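Each chain, letter by letter, is given below.
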Amino acid sequence: MMVVIKSSPETQGARQGLLLARQGKAPVVLIQNGVYLALGGPLAGFEGRVFAVVEDMKLRGVEVQGDAVKPIGYDELVGLMAGDEKVVGLF
Amino acid sequence: MEKIAVVSMRPPYGDINAAEAVRHALGATGEGLEVSMLLVEEGVLLARKGGEEGESGFTNLADAVADCVDLGVNVYADRESLLRLGLDEGQIIKGVRTVSYPEVAEIITRADRTMIF
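Chains as they are written, first to last, in my numbering: chain G, 1 to 91; chain X, 1 to 117.
No lab work stands behind these hints: they were computed from the structure.
Everything numeric in this text was worked out from a predicted model, so none of it was measured.
Think of the CB as a built atom: it goes at the ideal place given N, C-alpha and C, for glycine as much as any other residue.
Heads up, a few of these hints could be off.
Covered by chain G, per the in silico footprint, the following chain X stretches (three or more residues, Cβ under 8 Å) [claimed, not checked]:
#1 11-18
#2 27-40
#3 79-90
Start from the sequences and build out the full structure, keeping to the hints where you can.
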C-alpha cells in the first residue's frame, strides 16, 4: 500500500493520511500542499519511506536536507503508483 | 485614512484563498487604504521565501508578497504559527514582520474593516 497526501500539515486530511501510513507501515508520497510536511513537524519519527514531488516543492520553496524525503518527478510518481498493489489517497 | 486588515489563514497554491488575499491587499493599497496583511495558522507559509513557478502556470505568490511589502502593505506573520510549521525568521520574505497573536488581535481591532481568507 502507498498513501498519497496532498493536504497541508495542519489539516485533518494530512493527519488521517499519516495515521494510515503509520498503521499500515506504508510509504508516503507528498504532492501539492502535502510537500509542506517535508519541513518536519507531523512527519517527525515517521519510519517509512517518504517521497515528495519536486515541481510542487519548487513552487513552494521547500527544500529537503538529507535523505529522509526523496524528491521525485511526476513520471516517477506515476511509476510508483503503477507499481504498487494499492494506492490510497488523496488525503 | 481607512484601515483594512486582510487575514490569510490558508497555505498558498492549494486553493485560491492565499492568492485572493494578496490580490485584495494589493488592490486596497492601490486605492489608498492603509492595509495590514496578517498571516496566521498555515497562512504563514505565504511568507516563505523562495519558490519557483517554473511552467506551473501559477503566479509566484512569494514575489507577490514581496510586492505587497514594497508597495506599503504592512505584512505580519504570527510567530507561534511560524514556529509550529518549522519556519524561522531567516526563511521568510524580507520586510514581513513577525508578531504575537495578541498583536494580531490588536491590529484587527484597530482596522475599520477585516477580510478573512
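Q. Which earlier hints can't be squared with this structure?
A. The structure breaks only hint 2.
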